[in-house]
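Number of protein chains: 2
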Amino acid sequence: MPERDLQYLSDLAAQLRVDSVRSSAAAESGHPTSSMSAADLMAVLFTCHLHYDFARPEDPANDHLIFSKGHASPLLYSLYKAAGALTDEELLSFRKQGSPLEGHPTPRLPWVDVATGSLGQGLPVGVGIALAGRLERLPYRVWVLCGDGELAEGSIWEAAEHAGDAGLANLTLIVDVNRLGQRGPTRHGWDTGAYARRFGAFGWHTIEIDGHDPGQVDFALSDARNTRRRPTVILAKTRKGEGVLEVENREGAHGKALKDPDAAIDALGGPRDITVDVHRPEAGAEPYRFEGGSLSLPEYAVGERVATRTAYGEALAAVGAARGDVLALDGEVADSTKTQEFATAFPERFFEMYIAEQQLVAAAIGLQVRGWIPYAATFAAFLTRAHDFIRMAAVSRASIRLVGSHAGVSIGEDGPSQMGLEDLAMMRAVHGSTVLYPCDANQAAALTAAMADLDGVSYLRTTRGETPVIYPPGERFSVGGSRVLRHSPSDRATIVTAGVTVHEALAAADELAGQGVQVGVIDLYSIKPVDAAALAEAATTTGNLITVEDHRPEGGLGDAVLDAVSELGPRVMKLAVRDLPGSATPAQQLSDARIDRHAIAEAVKRLL
Amino acid sequence: MPERDLQYLSDLAAQLRVDSVRSSAAAESGHPTSSMSAADLMAVLFTCHLHYDFARPEDPANDHLIFSKGHASPLLYSLYKAAGALTDEELLSFRKQGSPLEGHPTPRLPWVDVATGSLGQGLPVGVGIALAGRLERLPYRVWVLCGDGELAEGSIWEAAEHAGDAGLANLTLIVDVNRLGQRGPTRHGWDTGAYARRFGAFGWHTIEIDGHDPGQVDFALSDARNTRRRPTVILAKTRKGEGVLEVENREGAHGKALKDPDAAIDALGGPRDITVDVHRPEAGAEPYRFEGGSLSLPEYAVGERVATRTAYGEALAAVGAARGDVLALDGEVADSTKTQEFATAFPERFFEMYIAEQQLVAAAIGLQVRGWIPYAATFAAFLTRAHDFIRMAAVSRASIRLVGSHAGVSIGEDGPSQMGLEDLAMMRAVHGSTVLYPCDANQAAALTAAMADLDGVSYLRTTRGETPVIYPPGERFSVGGSRVLRHSPSDRATIVTAGVTVHEALAAADELAGQGVQVGVIDLYSIKPVDAAALAEAATTTGNLITVEDHRPEGGLGDAVLDAVSELGPRVMKLAVRDLPGSATPAQQLSDARIDRHAIAEAVKRLL
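Going down the list, the protein sequences come from chains A and B.
First residue of the first sequence? That's 1 in my numbering, and the numbers climb one at a time after it.
First residue of the second sequence? That's 1 in my numbering, and the numbers climb one at a time after it.
Isolated chain A (complex conformation):
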């Protein structure tokens, strides 16, 4: 590289450091030192290798850059400024109320694909975007900047395995090995060889460089672009706080604005106003999209016994036939979740993520960045593995569809490790989520189809065992709705439930009616948003609600009902799984948990 170019890169890196110090100083917080270590890496990437049109962030041919080390946001925003996308005034709004320049990047800025800040997430999400690039047959590249500390996260190795095995040559991981974590030194310090051995074993091309030498950085990035059939990791030895002696390579300088920013800016050669003309991608690229057709959902006859998981599988295959943008992912249990139907019909749009639920959800997040409509399924219990990714998906404003099968004690003999008993609580607490829990096959099919058009994180809870079909084919179920299944003017209480226990509630209502006690039954298939109007109606007419759920008493359907009616003051009795189950048949489990027809009937009598 000519001396003139090296000087330019060196000046640009200094500017990025200065701007990181300035924005953090203005905010009186932030992570300037973690930004300074990666400044040379990013200066070279932006100047020589990134292809991105900042005026057209929606351009399908744009590269994707993810700051997995989201705390280095001052560096990212300084890069945006250098690229002409932000003004200096905007840069200095960093971390201020109302500013889209948040402490950690979020898609409030149009050039940010996904929120980061929970470490170890950028690479698995990058795998998803790289998979999208393949589907779309577009040459864009995915660049992920990680810290060295976050390589301890298991999610990194789920991603390393998936990317290595899939040979994602369009994915490059740049690791800013500055050797210092938050509390102190990382496990491997500057031993980039330790990381190279690990990534190498997972099938990656590895390059170890001095991350402050622009020539080496340029060579490594070129090498990554030219590597075929393998993802590349660039392990760059750097110094945290590089350029300012007060903090350079020192412990205790993490996550703080510098004490004397003016002196630091002087040491870095003062403010500059260099602009980077980032390469634009080739114009006119069109992503490949699969053809669709008309939607023909499966139909189940009333009275037939069909598991809702089966209906999900068949409906998803139907949705896949109708829409070429629908994808399915599964965590090596597609025969159980019934995603297998889709996998068989559309192998090119099915992703086997193996037993790696964090990567399962992260890939869905990455795929939706490029406009795909992903459904990701595993056992409801095992979605808890991906809780942090689901939480962050909401911060990313991502639209993903999650499907958890084998909900509740009704799975039977397999026991508590396999039972989704906390999933409703987890999914309800996710910002902006939709939580659906069908009780029959036609309802499950309709909701599966409806999810394709939902924004945000949506969740479908399915049941392992067969349940009778009670709704005719073609019936419409709106998100946020409910169904009154039993109602008479002489109702003395209303049972509110969803899923497998709807059938128990119906049987209880029939049994009670035989004893002269009329009770209503509401199928609350939409747990969030919840049908507050229907619940208010029940609360004010009978004044007595019994909620029933195959889930823990905390955070699930019962709490959703309580929340909806709390200002009306009805009496509410909640039936839920209060003990730790063991093995038993599904019917025994429902009985042991006191959520079967007999327990419901008894509860009604107790309440009245």
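Treat the hints with care, since some could be wrong.
The list treats identical chains as interchangeable, and a pair is accepted whether it falls inside one copy or across any two copies.
Straight-line Cα separation of at most 20 Å, EDC-like style, residue types lysine to aspartate or glutamate; simulated pairs [claimed, not checked]: (1) Lys256 to Glu246; (2) Lys259 to Glu246; (3) Lys256 to Asp266; (4) Lys96 to Asp592; (5) Lys256 to Glu28; (6) Lys259 to Asp335; (7) Lys256 to Glu466; (8) Lys605 to Glu567; (9) Lys605 to Asp491; (10) Lys96 to Asp579; (11) Lys605 to Asp592; (12) Lys256 to Asp335; (13) Lys605 to Glu511.
To be clear, the hints were calculated from the coordinates, so they are not data collected in a lab.
Fit chain B to the supplied structure of chain A, relying on the hints for placement.
Relative to the frame of chain A, chain B by itself:
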């Protein structure tokens, strides 16, 4: 190995297969084929290498065996029978209602340390037990049996990294590489070299063998026992369903009882009644324990401003001085969670788990298996990474203490990725959990100390910012209690809250009192169990409750209150974080989320 011994091992393995087929046949479900692949491995382990006194499972010198592939429970129970610990009748109670022989192992059997069945958990928990062995200066070994499919879990690589780096030579992982997962072939099939390269890169001693050759298995187990300074992984190539042609090495035979068990038993040479005389450990071993002293909790003057996280750190150090069995673990944020206090005072009892929250919680679970009292801390938001381990800790009947700092929007500028806003919902839904949320330093200190004696999974939620001390030093706070902070006979409503918003509620009450509106304030520091009596008192006297929490509206304090008072029918208004925060100062965040003093005062007026 003499021919006679080989024949014995071969016969024993056949018996284990037969008994796995028999118990699954009796249950009409289960995983016989996943049991059959590992039968030779376990026959040799039990006969030649395991040291365990089945009559004294509490013997501190016993080895520890974890079936990470918990679905191979038929094999485990067949081994217990062969070792004389179970009768044949007990064996055939497998998966039946009331039987401790559950579909996946749980500690209802005294020889099972932890529940398994969620894959990828056995190795990280084994790391915890191996760490305990070091602390105790005892020579016991930890043996973990994994499937090959579960090596895709990131938690395996968090454990591989920790064990390799710590040089846990007392830990041996045996991988039953039967090449078939549930849905189909695993990613690497029989390529044991792929796994060997990965574990080797993480610093492990690796051995690749034919898992059906008792001689090779014996050699490998001996080699593992003789290996110093490194953990060992034995990668054993096996055939799923080995011994029965109908299912041997065939897809589609996962997780089902065999179709023709009698023919299978015949093919395996019929039932046998071999007993194994498992080596007992050396008698009289005494685990090393650290000395304790008297408890002298830190004291904070009323009016002082101290963060509850700081009080947690100082109190934990005090508890550590008082009790030699208390340990602390942290996820590379001890300077933020304030576990650093303990780490500095008791370095031998502090474990830096780096940024690997699954391993953080798993190590705590492993350490408590041996009677230690672990506290594991990280940001509340990042505990979601370990949700599946926390869920399974409850199934394991484990007693662990979790501490989540940086709860809620009140952290300020860092933004939503760092805010624990779903942690109360997650922790409340865990079976048998305790959830504590202190508002001042003396309360935080008292609750930190109280946690040491709690059974099950307990959780302390701490706040980043300083809050005024309102309780005098030495005040007692019982788990399940609450504090009435404002109360008068003319109260027209009661504000129920905890943590940082207690101070907002007090300010609101004062403001309202100035306007002639009397309201009560309850500090609900124990979110679970909740003080139902105090809430009922408030519900029946004022009839109007306002709940306030720095958490999502779903599953947290508000839902706990609704649940407690639902049969009394008060009007309840819930204030919580309903929008997606950005960056702002702590005060701005509380205001934006409508949970600050002004929002509370307004809500009271709206409700009345």
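- Task: List, from low to high, the hint numbers that the structure doesn't satisfy.
- Result: Violated hints: none at all, because every hint is consistent with the structure.
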